[in-house]
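A.B. asks: Let chain A serve as the given structure and place chain B on it in line with the hints.
Protein sequences appear in the order of chains A and B.
Counting in numbering that gives the first Met the number 0, the first sequence runs from 0 upward without gaps.
Counting in numbering that gives the first Met the number 0, the second sequence runs from 0 upward without gaps.
It should be emphasised that the hints constitute simulated quantities derived from the structure, not laboratory data.
Even for Gly, the Cβ is constructed at its ideal location relative to N, Cα and C.
Heads up, some of the hints might be wrong.
If you only want the chain A side, here are some residues facing chain B, beta carbon under 8 Å, derived [to be verified]:
1. ALA26
2. ALA29
3. MET107
4. GLN118
5. SER120
6. PRO126
7. ALA139
8. ALA141
9. TYR150
10. GLY155
Chain A residues, not near chain B, derived (Cβ > 12 Å throughout) [claimed, not checked]:
11. GLU91
12. TYR103
13. LEU224
Per the computed footprint, the stretches of chain B lying under chain A, defined by three or more beta-carbons under 8 Å from a beta-carbon of chain A, are [what the hints assert, rightly or not]:
14. 6-19
15. 123-129
Protein chains: 2
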Amino acid sequence: MRLKEYLSERRARVDAALEDLLPADEAGGAVLEAMRYSVFAGGKRIRPILCLAGAEAMGGDPERVMFCACALEMIHTYSLIHDDLPAMDDDELRRGVPTNHTVYGEGMALLAGDGLLTQASVLLTDPEQTQGLDPARVLAAAQVVMRAAGYLGMVGGQAVDLASENLAPDLATVQYMHAMKTGALLTASVHSGAILAGGDEGQVGRLMRYGRRIGLAFQIADDLLDLEGDTATLGKQVGADQARGKMTYPAVVGASQARAMGQDLVDQAAAIAQDLGPGAEPLVLIARYIMERTY
Amino acid sequence: MRLKEYLSERRARVDAALEDLLPADEAGGAVLEAMRYSVFAGGKRIRPILCLAGAEAMGGDPERVMFCACALEMIHTYSLIHDDLPAMDDDELRRGVPTNHTVYGEGMALLAGDGLLTQASVLLTDPEQTQGLDPARVLAAAQVVMRAAGYLGMVGGQAVDLASENLAPDLATVQYMHAMKTGALLTASVHSGAILAGGDEGQVGRLMRYGRRIGLAFQIADDLLDLEGDTATLGKQVGADQARGKMTYPAVVGASQARAMGQDLVDQAAAIAQDLGPGAEPLVLIARYIMERTY
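For reference, chain A alone in the conformation it holds in the complex:
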């Protein structure tokens, strides 16, 4: 299996599903236009792909969990829109294009984020999308996703991030913050896919352990890329974290130690996925790929 082809094929399917689930519609007015602008601004769709792969690892049909995959991408996109606002990181460039508020104004960007978060919740409980699935599992998956997005997950991580700018670097804080800010939703991506696909408790638990490891590794890789990448490849300003006095892994332990930590986490994750059998092969490859981007 070639990871590159797998990712690009999955990404195309996710893009098509997002177009189906968030179609242009005059009734949606300006806010729907702003929501769609950021959703279709070219993300890698890594959370949806993890959700589909989580279902596949349980022997399930990835198409059956596509609604959840798309909800995860909407949540991710909302968090980027709000994070880019002047009151937060005040970024002008994201995924290579102007940020939402740069195009639509702050008020509309705020509402676009609110609209995407709400629509994610609508999708997770949509009777049409969830037809034929066990309602108890539908509710459980919605719980996993929304708890990961909330004040004990992503929102809480953003708040710690906001409060910790220009504080002295500290490994415990950076790990805690990243586990909440990005790790929780990445973990929820594989976890929710596995629940919806009918995984048993042991299998779902293994996927959670996988998810926690790649969640942290993703953030370490992102921090390294912010430090060492270039703006053209990343589609956003590099060095921005450093300029802002953000608490990152490289700032706390240095780049080479951060790389070693990331590599260790993806090795562990790959080993966990390997034990799940051939259906989990994409998860093995995805884990290995995370740190490759940084070399």
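C.D. replies: Frame of chain A, contents of chain B only:
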């Protein structure tokens, strides 16, 4: 039945439930503190009370739908926090106390709103809270609430509001905007309570018609109070809508015509509720009370 005692007893039960469902917790950090600040800043809890009354009108136990009632209040509170931000209405006073961003800063207020919206979604699908309820009805109620909150409901109405400031007053726009901005969530309040309490299609449909009428009437009453009330009673700046060139009912049709429209709507709503029998008595009284505030 005395409405005043009924409302104050229900409000106390809702306040206690909100305290249970959003308890102070060190793990929640600064963002949970900011979330709780606005939730416990003294709202009238009209949406939760409508949800409980919707259940009661179907012969259900209002306590069984308390989780949904509290989710509605969290959604309402998040919308106030975001609406008060400088990028939106830029208000400094709400419910008689400083607005969230005035106390916690814009970034944290943004996150507090995000956290409340997310937590509402968590609550609506919480296995502990929904235990013993029909999962299909739990999903249906979550749909009703979150769709009403989304880009075809409240968020969409806010966007129309944002785009229509200082445009020429126009009755069709103001009705459409208010139906989305405040009407949708008020309607969803009685509607979701009725669904969770096991109402049949006809009864639930009647409650929706009731909800749409009081939703519009509430907004008309609020517009009149903004025009004619005083800051001490309202706990927020009066005349703010006018100063901002907001499209309101009084601005479009004049105060006396607006009052007549509101009265007609609450009369219709009271008649619909009356037909539902003695369990719907609170809904009759609530409908009548809406316009009384404005005389």
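A.B. asks: Next, verify each hint and record whether it holds.
C.D. replies: So, going through the hints one by one against the coordinates:
no., hint, in the structure
1, ALA26, "holds (6 Å)"
2, ALA29, "holds (5 Å)"
3, MET107, "holds (6 Å)"
4, GLN118, "holds (6 Å)"
5, SER120, "holds (4 Å)"
6, PRO126, "holds (6 Å)"
7, ALA139, "holds (7 Å)"
8, ALA141, "holds (4 Å)"
9, TYR150, "holds (4 Å)"
10, GLY155, "holds (6 Å)"
11, GLU91, "holds (16 Å)"
12, TYR103, "violated (10 Å)"
13, LEU224, "holds (24 Å)"
14, 6-19, "violated (count 0)"
15, 123-129, "holds (count 5)"
The structure shown violates the earlier hints numbered 12, 14.
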